[in-house]
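S.K.: From just these sequences and the hints, can you work out the full model?
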Amino acid sequence: MGETVIALIGNPNVGKTTIFNALTGLKQHVGNWPGVTVEKKEGELEYRGRKFHVVDLPGVYALTAYSIDEKIARDFIVREKPDLVVDIVDASNLQRNLYLTLQLLEIGANVVVALNKVDLAEEKGIKIDPKRLEEALGVPVVPMVASKGEGIEEIKKAIAENLGRKPKTLRYPNFEPYIERLVKVIELDGKLAGDYNPRWLAIKLLEGDEGIRGIIEGSEKRDEVMKELINVKKELERKYEDLELAFADGRYGLIDQITKRAIVAREERMTFSEMLDEVFTHKYLGIPIFIGIMWATFKFTFDVSAPFSDIIDWFFGWLGDAVGSHIANDALASLLRDGIIAGLGSVLVFLPPIAFLFLAFSWLEDSGYMARAAFVMDRVMHRFGLHGKSVIPMIMGFGCNVPAIMATRTLEDEKDRILTILVNPLMSCPARLPIYAVFAGAFFAGKEGTVITSMYLLGIGLALVIAWLFRKLIFKGEPSYFIMELPPYNRPNWRGILGATWARTEKFLKKAGTVIFGGVVVVWLLSVTGPSGYLGSEALENGELLVKSWVAVLGHALQPLFSPMGWDWKAAVALFFGFIAKEIVVGTLGVLYGVGGEETAVSHAIAASGTFTPVTAYAFMAFSLIYVPCVATIAVIKGEAGWKWALFAVAYEIILAYLVALAIVGIGGVLA
Amino acid sequence: MAPLSFLNEGAKARIVQIVGGKGVFARLTALGLVPGREVRVVRNQMAGPLIVAVDDTQIALGRGLAMKILVEVE
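Chains as they are written, first to last, in the numbering used here: chain E, 2 to 673; chain H, 211 to 284.
Be aware that one or more of the hints could be misleading.
What the hints assert, rightly or not - Calculated lysine to aspartate or glutamate pairs in the DMTMM-like style (CA-CA distance at most 20 Å, straight line): (1) E:LYS128 x H:ASP266; (2) E:LYS473 x E:GLU539; (3) H:LYS278 x E:ASP250; (4) H:LYS222 x E:GLU268; (5) E:LYS284 x H:GLU219; (6) H:LYS232 x E:GLU479; (7) H:LYS278 x E:ASP414; (8) E:LYS261 x H:ASP266; (9) H:LYS232 x E:GLU211; (10) H:LYS232 x E:ASP210; (11) H:LYS232 x E:ASP414; (12) E:LYS157 x E:GLU135; (13) E:LYS261 x H:GLU248; (14) E:LYS41 x E:ASP76; (15) H:LYS278 x E:GLU486; (16) H:LYS222 x E:ASP257.
To be verified - Derived coverage of chain E by chain H (criterion: at least 3 residues anywhere in the stretch with Cβ under 8 Å from a Cβ of chain H; other residues may be distant): (17) 88 to 97; (18) 248 to 254; (19) 278 to 292; (20) 378 to 391; (21) 482 to 496.
For the record, the hints were derived by calculation from the structure and aren't laboratory data. The structure displayed is predicted, hence computed values, not measured ones. Idealized CB from N, CA, C, for every residue including glycine.
M.R.: Written as structure tokens, this is what we have:
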């Protein structure tokens, strides 16, 4: 006997993740569904000595299979036939949530309803009697407040007790005779009737579901089924104009009956949510408030994280020196100190700002504000050919493009999604900030703030213009329809927020960490060796020695490319290594100028070197912003959109960076 | 009968018809926007998306989509 499989399903925002975590604890892992990049979360639940395999299905409103998520959820329930399906229902939103429940019952799944957020429902003035809901639905109902841990034990118990239960058949009075006629013909094919619930097949055929037609095409009784389908449809169409609509009507009719029985008290209240929405989604106030909140988020992030970053910076500097001074072998000491430890430090220094930014975003999402942000920004985004929901991954890009690109999964339409992915690297991540700081400090003393801000704005502006251009040229047509549920504003559930923050930070650490770390080690290797062999660790501090290294060879080879912008070979090398990660650019310049990685020192050295003018420095900053994202970002683009788009992103960004830098030098030259 | 997008804030109406393909219909149905249901316009600023309430759900709808939902004002 195989293991017992429990599937978890529910609408978005019903608290599915909280329940999944509560059921499986630490025994869970994340993968991808075969063939697609939608996350597959699985875990183990142990209850009274029994083991259950729990699969968390994507959050969906229905099983019509129009989006990838719906298709995955439906295929899993239909094909894998889990032993039990826990349908998580938001009690404060019973009517709409029951639509999915009815579809599950149609398929013939063994459903247990987890009636979550009963506290929120009561706050809204809705009182539900779980016993009556149970009677009306014909499946067990467990009331819960998952965010407070209430009902977890009860749901475990319900899972264990209801295995193998035969679910009650759902009847649609208006269609019953017709469904039965079709079922009779479908049952002629024993294999078909064994693989699928014949009633479900019949309903879907009547609704005109293309996918189900495909299943019937493969049956040996195909002709009989199709013939009967045509007959039944003809009769039904005399009564109803549109069968799909008639079934939707039938379902909602049934839902009305069920909710009438189950909801025992209801009073209208102007909820807190509605009051907040008066302000947050206001025509004129909405966008200024959005900008204000974003500003506060970044202020919070950078102010709070700065001391942590300083500590990490200091610690790795100390560790490197301590380790280096205890090892006699120069090459080994340098590899440890300047390669591995410095590499680790350069990655971990970004951990605090990224973690705090994700903490702030997770809180904004959990509170319900992010959905409003998408609503408020839709008008602006739409004008540039983007979808309202694109705004969230784009803002997250300011934290790190890696998880930001993963966050585009909330966009259902493939064109919208790829377009949002392609422009995401133009959102300036914190790794570019040191480059701006060094150059602004060197050439725009006293105006650093303005100059750095202009870089962020340049990135946003270019992202919007490029999106508009690509929409006109490649992704012809309009962005897909904007439709999203606005969840009620929530009091923060800190356990959930911290979980989401950690998941995103971990992605940054894993994806970016390994690549950036590797990159720093490669830079070290190419700096301390040259055509003549090992140069000694002094090469990292001594410019004259470094001229003999592979790095210099590379720089001289690349330099002609950048001569129109007036950059020297050192700048070329820095940009080349910036391809691995933008974090490396300043460090590389520090090495090349023989002053180490400290920002102010690098800034002074660059100002004193005389190779840059304010104009060429500004062009260098812009080039750093635009040209190729780091390797980790490219890897994520490849994972989410495929090789073709990853290469496309690299190509267009190099060209764009070059053009913008040239333009800055050109215009700056005229003005100067 | 008028498109949902023409209604003022606070107006209540019953959905009569959805003009559009299967995909549009299925998505709206899943969120509770089905012919026969009553909707309330929570936000309509005559530009950009709208917010409508169906039962206990608040849904943000693009203006283009709201043009495809024909309603009868009550």
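S.K.: If a hint holds in the structure, say so; if it does not, say that too.
M.R.: Taking the hints in turn, this is what the structure says about them:
1. A hinted pair counts as satisfied when its Cα atoms are at most 20 Å apart, and LYS128 of chain E with ASP266 of chain H qualifies at roughly 13 Å.
2. About 53 Å separates the Cα atoms of LYS473 of chain E and GLU539 of chain E, which puts this hinted pair outside 20 Å; it is violated.
3. Proposed proximity of LYS278 of chain H and ASP250 of chain E is supported: the alpha carbons are some 18 Å apart, at most 20 Å.
4. Restraint check: the Cα-Cα separation between LYS222 of chain H and GLU268 of chain E comes to about 18 Å, which is no more than 20 Å; the hinted pair holds.
5. For the suggested pair LYS284 of chain E and GLU219 of chain H, the alpha carbons sit about 12 Å apart, so the restraint of at most 20 Å is met.
6. Simply put, LYS232 of chain H and GLU479 of chain E have alpha-carbon atoms about 18 Å apart, close enough for the 20 Å limit, and the pair holds.
7. Proposed proximity of LYS278 of chain H and ASP414 of chain E is supported: the alpha carbons are some 19 Å apart, at most 20 Å.
8. For a cut-off of 20 Å, the pair hint linking LYS261 of chain E to ASP266 of chain H stands: about 14 Å separates their Cα positions.
9. Simply put, LYS232 of chain H and GLU211 of chain E have alpha-carbon atoms about 11 Å apart, close enough for the 20 Å limit, and the pair holds.
10. Distance hint between LYS232 of chain H and ASP210 of chain E is fulfilled; the C-alpha atoms sit about 10 Å from each other, no more than 20 Å.
11. For the proposed pair LYS232 of chain H and ASP414 of chain E, the alpha carbon gap of about 15 Å is at most 20 Å, so the pair holds.
12. For the hint linking LYS157 of chain E to GLU135 of chain E, the alpha-carbon distance of about 17 Å falls within 20 Å, and the restraint holds.
13. Note on LYS261 of chain E and GLU248 of chain H: the hinted pairing holds, with a Cα-Cα distance of about 16 Å set against a maximum of 20 Å.
14. Restraint check for LYS41 of chain E and ASP76 of chain E: the C-alpha separation of about 14 Å stays at or below 20 Å, so the hint holds.
15. Of the pairs offered as hints, the one joining LYS278 of chain H and GLU486 of chain E holds, with about 18 Å between alpha carbons and a cut-off of 20 Å not exceeded.
16. Of the pairs offered as hints, the one joining LYS222 of chain H and ASP257 of chain E holds, with about 19 Å between alpha carbons and a cut-off of 20 Å not exceeded.
17. Here's how the segment 88 to 97 of chain E fares: 5 of its residues keep a CB closer than 8 Å to some CB of chain H, so the rule of at least three is met and the hint holds.
18. Judged by the Cβ-Cβ criterion of 8 Å, the segment 248 to 254 of chain E is covered by chain H as claimed, because 3 of its residues qualify and three suffice.
19. For the segment 278 to 292 of chain E, the proposed coverage by chain H is satisfied: 3 residues have a C-beta within less than 8 Å of a C-beta in that chain, meeting the threshold of three.
20. With a threshold of 8 Å between beta carbons, the proposed coverage of the segment 378 to 391 of chain E by chain H holds, since 4 of its residues qualify and at least three are required.
21. Coverage of a stretch by a chain is defined here by at least three residues with a beta carbon nearer than 8 Å to that chain's beta carbons; for the segment 482 to 496 of chain E and chain H the count is 7, and the condition holds.
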